[in-house]
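S.K.: As a plain string of letters, each chain reads:
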Amino acid sequence: MLHADPVLLRREAEPTQSFYGPAPGSGLRFSLVPMGACIPFARNAEIYAEDEPAEYLYMVAKGAVRSYKLLSDGRRQIEAFYLPGDLFGIEAGDKHRFSAEAISGSTVWVVKRSVVDRVAQRDSAVARELWMLAAQHLERAQDHLLLLARHKAHERIAAFLLEMAKRSGDAEGEVELPMARQDIADYLGLTIETVSRTFTEMVHAATISLRSTRRVLLRDRAALARLNA
Amino acid sequence: MLAERSVPRYTSYPTAPHFSPSIDAAAYGRWLAELPADASLSIYLHVPYCVALCNYCGCQTKAVRSREPVEAYADLLSEEFRLVGAATGARTVHRIHWGGGTPSILGPRALLFLADELSRSFDLTGVREHAIELDPRYVTSELADALVRMGVNRASLGIQDLSPHVQEAIGRIQPFDVVADAVAQLRKAGITRLNFDLMYGLPRQSVGDAIRSATLAASLEPARLAVFGYAHVPWLKPHQRLIASDSLPGAAERLTQFEQIRRALTGAGYRPVGLDHFALVDDELTAAAAATRLRRNFQGYTTDQSDALLGFGASAIGLLPQGYVQNAHDAAGYGRKIGMGQFATSRGLRLSHEDRVRGRIIERLMCDFAVDLDAIEDEFDQEPGGFAAEIGALAGFAGFVEINGRRVTITPQGRPFARLVAAEFDAYLPKGRARHSCAV
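Residue numbers (my numbering), protein chains in the order written: chain W, 1010 to 1238; chain H, 53 to 492.
Honestly, the hints are just simulated from the structure, not real lab data. Using N, Cα and C, we set each Cβ at its ideal position, and we do this for glycine too. Check the hints yourself; a few may be wrong.
Stated by the list, open to error - Simulated restraints on C-beta separations:
id: 1; chain 1: H; residue 1: Asp197; chain 2: W; residue 2: Arg1106; range: 54 to 60 Å
id: 2; chain 1: W; residue 1: Ala1058; chain 2: H; residue 2: Glu336; range: 57 to 63 Å
id: 3; chain 1: W; residue 1: Ala1143; chain 2: H; residue 2: Pro73; range: 29 to 35 Å
id: 4; chain 1: H; residue 1: Ala104; chain 2: W; residue 2: Asp1152; range: 43 to 49 Å
Said to hold, decoys possible - Partial chain W-side listing against chain H, Cβ under 8 Å, derived:
id: 5; residue: Ala1189
id: 6; residue: Gln1191
id: 7; residue: Gly1198
id: 8; residue: Leu1199
id: 9; residue: Glu1202
To be verified - From chain W, some residues computed to sit far from chain H (all C-beta separations above 10 Å):
id: 10; residue: Ala1194
id: 11; residue: Phe1208
id: 12; residue: Ala1232
Could you put the whole structure together from the sequences, leaning on the hints where they help?
M.R.: Here it is, written out as structure tokens:
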């Protein structure tokens, strides 16, 4: 049964400019949304695995997703986090290069790649939108690269918090962090002990405070920005 | 001799060696969800770090030289508060207890941070007792002030023995002055309910040492004292291999040491409570004992009547209406689980009806030194007239146990052997392969 999640169709329900996803009101949303389906995924459920044929494109409708690769020494490197409105699963080739899992119970909108190709062929606005999305992903990968080049844990975590604030922070500076400490560690290339210790130190320094489950308040953005300079 | 038999201390029933990995994070999640919103909670927080390990240490802890693991642990504990808080509707906390290790190794800032974080997930406004275990060598006025700001109103100090040669043998040098100073700091800050822990059966400890330590400790007028026998279990706690077993008092001398400590403390005005606690006349523990309201948990004797005990931190044990749960023993294992956003439950036990009945009998024997089997059977809707085999076996305790119909009473001479009497009702003991420490 192919029908779109009504939430995606309602303009009012659209999230603000998403990190990875198309801008509200863009042609991409409205042409393609009816051609996909919304699928629920339980916490930690696999959405696709590395090396699987890349037959679909995905967008997070609700919840959060992580893409990752397991390295030969057993460590997990998280490539990116996807939040509501973010498109993911875009591949140059025909196989997925990373695996993707739901971080929490999530709803993911799924559309066949072949359908997207067909629409892009006849509609140049959609084609342009896809090009922009790919360029945005590239930008984010470049930022991630620069983040990993930093030596200090404080700097990596500051960069991470500011990135998350840009994507899903509210006016008061509260950020939702849907992922566990281990996920943050594996995204930033740090040990969980370092991540946890740095969070404690930032709380002591009043740079951040930890609210209820998964909400962080950025109290001193200037300090974070200095670390990210 | 009776004292040679190895039986548990019955801080739980069934005892911890019988916990199994079949109770996991998923079970803990379900049990938490089933707690009613008005359940009264007791919270235990374990901090598995010390500045240095004492040779006799039987606790779940390790020595650390830097702040880093401790700071990391503080963040993970706060994560666990959020995880557990989100999984249950229960909110109301009546008691908090920090144990370890040395909980105060967190330092004033991290302690205040954690107390604040705990208050975000739970309602701490009705907390009546907030206790913390402290090492007298590391009590400063800054720490004492932070404790008061956190709401701590009871502190437990490890004294063990005050003789220099014993302290040298156990790797814990803390002269009486250091203890007295710590007590003064705490009282000055406003923490007046103080507990002291004393030990007997320590290496090179004589009966005279034990009496002297008890008398000196009592002179500082703590509200309560707990007296524990050293448990030499180097196969479980490799660190104890630093203690030569031939430097340890034998079973008969241990018994004498305990008796003399008891005499010294009662002489100083303390009332015995249960097997190994002593309290001032006006302390609530004394009142609870007299009214048969005393309970028993992993901290020993308590007045805690909470519906559920939630344990946080590595190795922490919780007790919910459905049964026991225990977190991963080591900080690394604990951190891995909490870091993944999962409960750190590694083992536990679902209580059967029979477990509850026997557990209650054992608890009353350990607390009141008497139990009315009819009353217990009534309380649990059990068929009357059970436990014939156990009552028969108690005939072997002539002089230590009196049986009047369905009421079992441990005589004053039998009290040091209460654990052995309780063990008769332990359905797990003959089958269990768990080794425990000496019965006295």
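S.K.: Hint by hint, note whether the structure agrees.
M.R.: Verification of the supplied hints:
no.: 1; hint: H:Asp197 / W:Arg1106: 54 to 60 Å; in the structure: 56 Å, holds
no.: 2; hint: W:Ala1058 / H:Glu336: 57 to 63 Å; in the structure: 60 Å, holds
no.: 3; hint: W:Ala1143 / H:Pro73: 29 to 35 Å; in the structure: 47 Å, violated
no.: 4; hint: H:Ala104 / W:Asp1152: 43 to 49 Å; in the structure: 45 Å, holds
no.: 5; hint: Ala1189; in the structure: 3 Å, holds
no.: 6; hint: Gln1191; in the structure: 4 Å, holds
no.: 7; hint: Gly1198; in the structure: 15 Å, violated
no.: 8; hint: Leu1199; in the structure: 11 Å, violated
no.: 9; hint: Glu1202; in the structure: 4 Å, holds
no.: 10; hint: Ala1194; in the structure: 7 Å, violated
no.: 11; hint: Phe1208; in the structure: 5 Å, violated
no.: 12; hint: Ala1232; in the structure: 18 Å, holds
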